[in-house]
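J.: Here the protein sequences come in this chain order: H and W.
According to the working numbering, the residues represented by the first sequence are 580 to 1046, in order.
According to the working numbering, the residues represented by the second sequence are 580 to 1046, in order.
If you're looking for bench data, these hints aren't it; they were derived computationally from the structure.
There's no promise every hint is true.
When chains are identical, the list treats them as one kind, so a pair holds in a single copy or across two.
As the list claims (entries may be wrong) - Below, in silico cross-link-like pairs of lysine-lysine (DSS-like), each with a Cα-Cα straight-line distance of 30 Å or less:
id	residue 1	residue 2
1	Lys-922	Lys-842
2	Lys-878	Lys-1015
3	Lys-1046	Lys-717
4	Lys-803	Lys-922
5	Lys-780	Lys-842
6	Lys-639	Lys-780
7	Lys-878	Lys-711
8	Lys-842	Lys-791
2 protein chains.
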Amino acid sequence: MSIQKLFSAPLQVVNVGIESFKEACEKNGAPAVQVDWRPPVEVAPESEAILAKRAAKIEKANQKVMEIILAGTPKLVGLDVARNVIPGMTEDTILHAGPPITWDRMCGPMRGGVMAGLVYEGRAKTIEEAEKLASSGKIKYAPCHEHGAVGPMAGIVTPSMPVWIVKNEKYGNIAFCTLNEGLGKVLRYGAFGDEVTQRLKWMETVLYPVLKAAVAHSGPIDLKNLIAQALHMGDEVHNRNRAGTSLLYRALAPAIVATCDNKDDAVAVLNFINGNDHFFLNLSMPVCKATLDAARNVKGSSIAVVMARNGTDFGVQLAGTGDLWFTAPAEVPDALYFAGFTKADANPDIGDSAITETGGLGGFAIAAAPAIVQFVGGSAADAVRYTHQMYEITAGESRMYQIPALDFRGTPTGIDVRKVVEKNLVPVIDTGVAHKQAGVGQVGAGIVSAPMGPFAKAYDALAKILK
Amino acid sequence: MSIQKLFSAPLQVVNVGIESFKEACEKNGAPAVQVDWRPPVEVAPESEAILAKRAAKIEKANQKVMEIILAGTPKLVGLDVARNVIPGMTEDTILHAGPPITWDRMCGPMRGGVMAGLVYEGRAKTIEEAEKLASSGKIKYAPCHEHGAVGPMAGIVTPSMPVWIVKNEKYGNIAFCTLNEGLGKVLRYGAFGDEVTQRLKWMETVLYPVLKAAVAHSGPIDLKNLIAQALHMGDEVHNRNRAGTSLLYRALAPAIVATCDNKDDAVAVLNFINGNDHFFLNLSMPVCKATLDAARNVKGSSIAVVMARNGTDFGVQLAGTGDLWFTAPAEVPDALYFAGFTKADANPDIGDSAITETGGLGGFAIAAAPAIVQFVGGSAADAVRYTHQMYEITAGESRMYQIPALDFRGTPTGIDVRKVVEKNLVPVIDTGVAHKQAGVGQVGAGIVSAPMGPFAKAYDALAKILK
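For reference, chain H alone in the conformation it holds in the complex:
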């Protein structure tokens, strides 16, 4: 084609790189196609070749992992107290969110949660005493994830705390999570003080026994089915749990009435659940934990089974790399901040709740919950776009969790670290944001991107193992 012909024919643009150039072409009437290209991620020079060479083995391992994840049958089977049921829990153990961390590296809200937990346990009378004990070396800190548990935000679990027990009946494994405290001044956002302690005591002495009796009465509750319904009702079960909470409430209320002889307690428990649309979060999390834990230790698999943040580090674990954690600094979310707060007040990303994204829910299913995107200034189309992007980095689609706006397509499930690295496209997570100082609480919420660091490290580690 001669230059003359080129410029007299209608312009047809294929754009690589900055997307605004494509948009400018379109604005001026020239059709343009965007090639979704990003610069390569820095990994070890030999990793890509090794993983390409081992592709068949990886695919086979991933198929096995995906089948385990998609076939999981997580059910609520009961409640108990942490010390009775969580493996390895001692009187000196405090579990926390995210990858392993020592007291000296803990962020403000996690320290606040630890101190609140020690006061709640009666191990300290004041926050000053609690801080002394917390930093004394007497307390053994360990990730929830290493004890079959998960916890939102600071993720603190102390021995006396009641926990939900979720069993993956198909594979027999179990996951635990504390009960959601509601909003306001709460331990999981690092708040402490009498209000926090009293609520935790009420949860231990009233909420827990009432719920325990009700669940024993109702029998196992199929949480996978319940989440599937909640996705048809505008939840993505991470930052929006109104439908999940409603459906759980419907399932539990008759059993609460049938088993609780103290009318005031029954009413108080119903009102407590009714007053907190995040109540279900502490069940969607162990649902994903129980589902993904069954897929651990499948040699060669490049699928993530954990994404978790301790407020200092962001950690990832793969099905194919055993108990290794791959970490990088957690980032401060670009969020919508509550009045009076800015990004400068925010703690870096924190909590085990990214287990929902790891399980194909949360940010991955956000097209089902456009209200969340609207809350942070976006549109329904943005929500659909986020979910569409996540299909790019996942190995499959849920057979049970569907997105109405995408004609009930299964949610993108099973993060493949190869796709994350090779496409330079990280998972999106929709999350709450904690104040960076202990004792303040939530300051915002938003849709954040995971850092690439942990995925790049996991990619190299998998290549080393498969070399």
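The hints should help you fit chain W onto chain H, whose structure is shown.
T.: Only chain W this time, still in chain H's reference frame:
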């Protein structure tokens, strides 16, 4: 442009009429624009000119009507028994759905409902006795709508039936509706027999007093707010009421526990509501009735305040035409029929539930509830298309009821009969379908179009008044 040039240039098609021609062009790579043109509706020759001449007066009246509709504040304020509260209700009165009708013209399911009602009231021991009484001339039949009430399907209200009381607090008017019986063999679908009678008796003696005490204890429940939430949770509150039922349940359960001293009754009531995701329909209907009734009798207005079907006739009332009914034969829905049933089994469209569409909900808000369209074989895009079409024939948009998939745009509200006729575009209604014989029950569900007849008559009548 020469013929030669025309055929050598890329084809650009503007299509008027059958849409498949446009689609064929597109399939073959030629961009095409569809002009949304339909043949004119048959109305009196002078009507259009009169209404055009009176446009300013009509617009002013419609603005007043829309302000009343959009500003309504429907709240659940209590329950009572029909004979105590429904104006004009006597021991010989039976209310029914749709426009006025006599026994001899009633369809099968409506006759079934009437007979079931007479047995329930103890006015007849057998269905044969009931039929004799029903056709004797002793029973006074009247539309629910003429007594401030609405009823789904057959819409039968007898004196002993408990009713919800919904008050439009802003304007002081009240609407009534019976309690939803659930699925299976139920009076509203024209079923009768011991199972039907016993359930109605249980509703009168257990369900009603428990709910009455609970609502008295909880205080008025803001149903407009509740419906707004339900639309964010996948309901359109006509054929899908899972979220509405869940949120109502959450609001009522603590009050039921607090006020009901008989534990078995409390559990039975909670299980009854929990077992019926349509329970909320009998509240979304009087919400719309109370909202629209406040806008009646605004001279000159072309906005519909009622669409209702009695299974024989489809009736429409306008704000600007007083108590006149405009009717035409109700049509048999093109629905999805349950296994073993076909369109030949179906009764023509029946029920007052089209009051939800009249109020900007139901089929008008179906983009919020793609699950309904999927159920009848359509896609999420179809649901959006139905709602988009309804913006064409409505005068405004709800300020409270929003559709997440349309970036929380207000639902199309206030059917303008001028737009219906002049664009030849009728309202869509998503509805259940009853068997045409008394005593059988539901045979399907689908998305149906209202007949044009009543709108054409209303159009002419408005023109006559404004002449």
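J.: Would you mind marking each hint as holding or not holding in the structure?
T.: Status of each hint after checking the structure:
Taking identical chains as interchangeable, the C-alpha atoms of Lys-922 and Lys-842 are never at most 30 Å apart, the minima being 45 Å within one chain and 51 Å between chains. With identical chains, the CA atoms of Lys-878 and Lys-1015 are never at most 30 Å apart, being 39 Å at best within one copy and 62 Å at best between copies. Neither within a single protomer nor between protomers do Lys-1046 and Lys-717 lie at most 30 Å apart by alpha-carbon distance, with minima of 42 Å and 92 Å respectively. Taking the shortest Cα distances, Lys-803 and Lys-922 never come within 30 Å of each other, neither inside one copy (36 Å) nor across copies (36 Å).
Taking CA atoms no more than 30 Å apart as the test, Lys-780 paired with Lys-842 passes in both settings, with 19 Å inside one copy and 28 Å between copies. With identical chains, the CA atoms of Lys-639 and Lys-780 are never at most 30 Å apart, being 49 Å at best within one copy and 61 Å at best between copies. Taking the shortest alpha-carbon separations for Lys-878 and Lys-711, neither the intra-copy value of 43 Å nor the inter-copy value of 78 Å comes in at or below 30 Å. Proximity of Lys-842 to Lys-791 under the C-alpha cut-off of 30 Å is found in both arrangements, the shortest distances being 16 Å within a copy and 19 Å between copies.
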